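There are 2 protein chains.
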Amino acid sequence: MHDSHVRPKIETIRWVGDENGYAELIDQTLLPSCFKYLRCDDIEQMWKAIRVLSVRGAPALGVAAAMGLVLGLKESSAKNGEALLGDLTEYKKYLESSRPTAVNLFWALDRMERIAEENRHMTALRLRRRMLEEAIAIRDEDMRTCRALGKKGESLLKDGDSVLTHCNAGALATAGYGTALALIYAATEAGKRVSVIADESRPLLQGARLTAWELKEASVPVTLICDSMAAQVMKEGRVDAVIVGADRIAACGDTANKIGTYGLSVLAKEHGVPFYVAAPVSTIDMALADGADIPIEQRDGEEITRWSDRKIAPDGIEVYNPAFDVTPAGNITAIVTERGIIRAPDREKIAATIE
Amino acid sequence: MHDSHVRPKIETIRWVGDENGYAELIDQTLLPSCFKYLRCDDIEQMWKAIRVLSVRGAPALGVAAAMGLVLGLKESSAKNGEALLGDLTEYKKYLESSRPTAVNLFWALDRMERIAEENRHMTALRLRRRMLEEAIAIRDEDMRTCRALGKKGESLLKDGDSVLTHCNAGALATAGYGTALALIYAATEAGKRVSVIADESRPLLQGARLTAWELKEASVPVTLICDSMAAQVMKEGRVDAVIVGADRIAACGDTANKIGTYGLSVLAKEHGVPFYVAAPVSTIDMALADGADIPIEQRDGEEITRWSDRKIAPDGIEVYNPAFDVTPAGNITAIVTERGIIRAPDREKIAATIE
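Top to bottom, those sequences are chains A and B. Residue numbers for the first sequence follow my numbering, so the first one is 9 and each next one is one higher. Residue numbers for the second sequence follow my numbering, so the first one is 9 and each next one is one higher.
Mixed in with the good hints there might be a few duds.
The list treats identical chains as one, so a pair stands whether inside a single copy or across any two.
[Unchecked claim] In the DSS-like style, the derived pairs of lysine-lysine whose C-alpha atoms are separated by at most 25 Å in a straight line are:
| no. | residue 1 | residue 2 |
| --- | --- | --- |
| 1 | K224 | K87 |
| 2 | K243 | K277 |
| 3 | K243 | K44 |
| 4 | K224 | K100 |
| 5 | K82 | K100 |
| 6 | K357 | K44 |
Simulated from the structure, these hints should not be mistaken for laboratory data. In this text the structure is predicted, and so the values were computed from the model without any measurement.
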């Protein structure tokens, strides 16, 4: 039941055993120095794993939250489905407090609750089994979506291509295959020799710590650069395509993603390099007319001014730390989804794809 | 004799006492956590200060080397100028081994040797005094050049302007007033309220560690960002001008500077922001036809993959670490020198300025 038919090389998060089992996830706070699964036997351990960023990335967080709920239900003494549903609502609230702004986490927990409501007539044991099924279904769906996205998109890459990417939109941000990096993995599996140039992605260095690590694990040649070097590698003709993920895509194609993405799109345009956004259809928010409606989250300046316990900037200065930026649709050569490639994206083409 | 007529707020390097005195320099390896002068009583201490980057920046290195030579001569037992010249040649070779690629260091030592040769008829004591005079002259000339450059260039800035800069082309890279930052200091002294957005400048963080520090010391409002945020702050209309320094300028105006500068020039063009290069005339190399002739120095990948003693990227990956890039003259709105502003620089205008 809990065995997925798709077996990723990197299992970001997995379930071991039956409904009395446990979850395991790659502890991303230890990468790249140490590769270790963190075992979560109870809901508190999963709450903490989400809180301290042992697991991160929108799709991965949805799976983690769903599995966290199953862990919570292990402790319930409910004798029937109705009583179990009551406990589930408590566990759900608790997990929602782990990272209050993570949209996928809420989405997955709502989905779990809906399934529990539909099956409240079951025995407590059967309902717990059904919950585990659903958590694994969320995980498997993410895997399938990422694989489909990779397959659709890999046609954009030729044998020998060098792809520049930013941040980590890879296996580690999802259940195990990635979005931007799904194209790389799929192209590689199709026998193309594709290499990657990874921006380190300050301030949190997801490119250096996570993208470089997972590509190396997958034996994909990877070269690390600082974010400020992207223009130079493009000028030297070392970049055949830029591929990035997305946090949110507006109806017109404007795309919010990790800070630095917009600048890359300008540099790609200047150097005649195609710029691709890879994201599941669920990332597209048709309620948002365009990128101007997307608020830019500001994060703590200490992410920039401190390095673990060491200060790298003087006290008393201002710091500006926007977490993401918005790339206008006009700078995007194509958006790659699991349903196909949307070239020169606009509202009409996007609406046609998601219908 | 050793008192300069120009007194900078930040004295990057200074001489204390007569020819038997000592040099003091701001230990830049300790910034921004700790502001401390490093006292160099003998030539070995100065050699080490240069080697470990306690002092850096082309103009500052020239001054440091010249003062290092004066420190060496303190130990000489020569009784006449001719004998002292012999010892000086030894000390010069020793200092040249501190940072073999620092052009200004060689230039300053050659100048000192030439003056010694011209004055070999002096007594040893008088020649040592002459050498100290020359070291201080090198320092004062740099100060005057930077101040003149600032004065010529500050007309480019209006009251209320916000300037984006990259790396450290400030007081700390020179004897004490800077090149790019000279325009900021001069505009501020002229009563204009000018603020600065400082790129942190990975991998060595000269922007975060040095530029943010010296601007704060000078009470100039400064906001620190990561390099990848420059496009976003331009898009938000927060940047009225970009001003950077230069390592080397070709006859046509193509400019080599810290990695990331070229990308900034592309972003500035996209956002209609003027892009200025501030550098003394001595930076212009008329023997170089254009930027294609400037080799791009590659530096150790560990500058990117390590953070003090901590690994931030996996082992076994490639790293690309170009130390600088070349901005084509076409992306440069103006080059600011101590002799004036060269707008839309080209070979003809540059030749006319340096004649």
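Hints, one by one, checked against the model:
1. Neither within a single protomer nor between protomers do K224 and K87 lie at most 25 Å apart by alpha-carbon distance, with minima of 48 Å and 66 Å respectively.
2. For the homomeric pair K243 and K277, the shortest alpha-carbon distances inside one copy (12 Å) and between copies (16 Å) are both at most 25 Å.
3. With identical chains, the CA atoms of K243 and K44 are never at most 25 Å apart, being 39 Å at best within one copy and 41 Å at best between copies.
4. In the homo-oligomer, the alpha carbons of K224 and K100 never lie at most 25 Å apart, since the shortest distance is 37 Å inside one protomer and 48 Å across protomers.
5. With identical chains, the CA atoms of K82 and K100 are at most 25 Å apart within one copy only, with a shortest distance of 14 Å there and 77 Å across copies.
6. Taking CA atoms no more than 25 Å apart as the test, K357 paired with K44 passes in neither setting, with 43 Å inside one copy and 62 Å between copies.
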